[in-house]
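As you go down the protein sequences, you meet chains A and B in turn.
For the first sequence, this note's numbering puts the final residue at 109, and the numbers step up evenly by one.
For the second sequence, this note's numbering puts the final residue at 116, and the numbers step up evenly by one.
Since the hints were made in silico from the structure, they are not lab data.
All C-beta atoms in this analysis are idealised placements derived from N, C-alpha and C, irrespective of residue type, glycine included.
Be aware that a few hints might be false.
[What the hints assert, rightly or not] One-sided excerpt, in silico: chain B residues whose CB lies under 8 Å from chain A:
#  : residue
1  : Lys18
2  : Lys40
3  : Pro42
4  : Leu43
5  : Leu45
6  : Tyr49
7  : Phe64
8  : Pro83
9  : Glu84
10 : Leu90
11 : Ala102
12 : Thr104
13 : Gln105
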Amino acid sequence: GQNIDQPTEMTATEGAIVQINCTYQTSGFNGLFWYQQHAGEAPTFLSYNVLDGLEEKGRFSSFLSRSKGYSYLLLKELQMKDSASYLCAVTQNTDKLIFGTGTRLQVFP
Amino acid sequence: ETGVTQTPRHLVMGMTNKKSLKCEQHLGHNAMYWYKQSAKKPLELMFVYSLEERVENNSVPSRFSPECPNSSHLFLHLHTLQPEDSALYLCASSQEGAGGQADTQYFGPGTRLTVL
Numbered sequence: 001g002q003n004i005d006q007p008t009e010m011t012a013t014e015g016a017i018v019q020i021n022c023t024y025q026t027s028g029f030n031g032l033f034w035y036q037q038h039a040g041e042a043p044t045f046l047s048y049n050v051l052d053g054l055e056e057k058g059r060f061s062s063f064l065s066r067s068k069g070y071s072y073l074l075l076k077e078l079q080m081k082d083s084a085s086y087l088c089a090v091t092q093n094t095d096k097l098i099f100g101t102g103t104r105l106q107v108f109p
Numbered sequence: 001e002t003g004v005t006q007t008p009r010h011l012v013m014g015m016t017n018k019k020s021l022k023c024e025q026h027l028g029h030n031a032m033y034w035y036k037q038s039a040k041k042p043l044e045l046m047f048v049y050s051l052e053e054r055v056e057n058n059s060v061p062s063r064f065s066p067e068c069p070n071s072s073h074l075f076l077h078l079h080t081l082q083p084e085d086s087a088l089y090l091c092a093s094s095q096e097g098a099g100g101q102a103d104t105q106y107f108g109p110g111t112r113l114t115v116l
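Sequences and hints are given; from them, build the entire structure.
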């Protein structure tokens, strides 16, 4: 079966760096997505990793290790607007997305 | 962001009512999805349509009935729902490629459904 684990909640301070981890077990792995979801809004695409390594996109970076079934999302220079839920999702074979429960990040001044 | 729109944004209905949720995508995509998001649970895939044909039905009760009249529109018809069906219903779309890497799904803002 499939299993995706990520922490339920995290807190951090404005200007700091935070790393949100995601571990997964799935068959037919075809890449991992990170989405950001503000309360009451649509999930928005942040990153996609299919090969091992780090993908950097501005203040956000995402890392994948396929052999370890592990990914993380790194947020630098945190801003108050980064307070949101961060969803880890893995794809199977036919682009079926399996989501984790999400990590709710609160950024404090 | 108006790539994927959903109406209504909020819906309250009794268990005997019949209602429909509507989704429209303006991205030229060829695949559309319905998801259910309940509190403290992962997003659950309900239905997938590819080129207007249903390709996935994730053991969803028959009180939920999807319809995809064309590649830009997707409906979810609801009847005789239960209180536990109260959730955020999200629509998404993607452009399916010829193979290889997965396709990014773009989500609408969702319909917050409350069943009394």
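These are the hints, each one checked on the structure:
The restraint placing Lys18/B at the interface with chain A is violated, with a minimum CB-CB distance near 26 Å, outside the 8 Å limit. Restraint check, Lys40/B versus chain A: the minimum CB separation of about 7 Å is within 8 Å; hint holds. For Pro42/B, the interface hint holds, the least distance from its beta-carbon to any beta-carbon of chain A being 4 Å, beneath 8 Å. For the restraint placing Leu43/B at the interface with chain A, the shortest Cβ-Cβ distance is roughly 4 Å, inside the 8 Å limit, so the hint holds.
For Leu45/B, the interface hint holds, the least distance from its beta-carbon to any beta-carbon of chain A being 7 Å, beneath 8 Å. Because the smallest distance between the Cβ of Tyr49/B and any Cβ of chain A comes to about 13 Å, over 8 Å, the interface hint for this residue is violated. Checking Phe64/B against chain A by beta carbon gives a least distance of about 18 Å; that is not within 8 Å, so the hint is violated. Taking 8 Å as the C-beta cut-off, the interface hint given for Pro83/B is violated, the closest approach to chain A being about 21 Å.
Proximity of Glu84/B to chain A is violated relative to the hint, the smallest CB-CB distance being about 18 Å (cut-off 8 Å). Among the interface hints, the one on Leu90/B holds; its C-beta lies about 7 Å from the nearest C-beta in chain A, closer than the 8 Å criterion. Checking Ala102/B against chain A: minimum C-beta separation of about 4 Å stays under 8 Å; hint holds. Given hint, Thr104/B at the interface with chain A, holds; its Cβ is 5 Å from that chain's nearest Cβ, closer than 8 Å.
Residue-level restraint check for Gln105/B holds (minimum Cβ-Cβ distance to chain A is 6 Å; threshold 8 Å).
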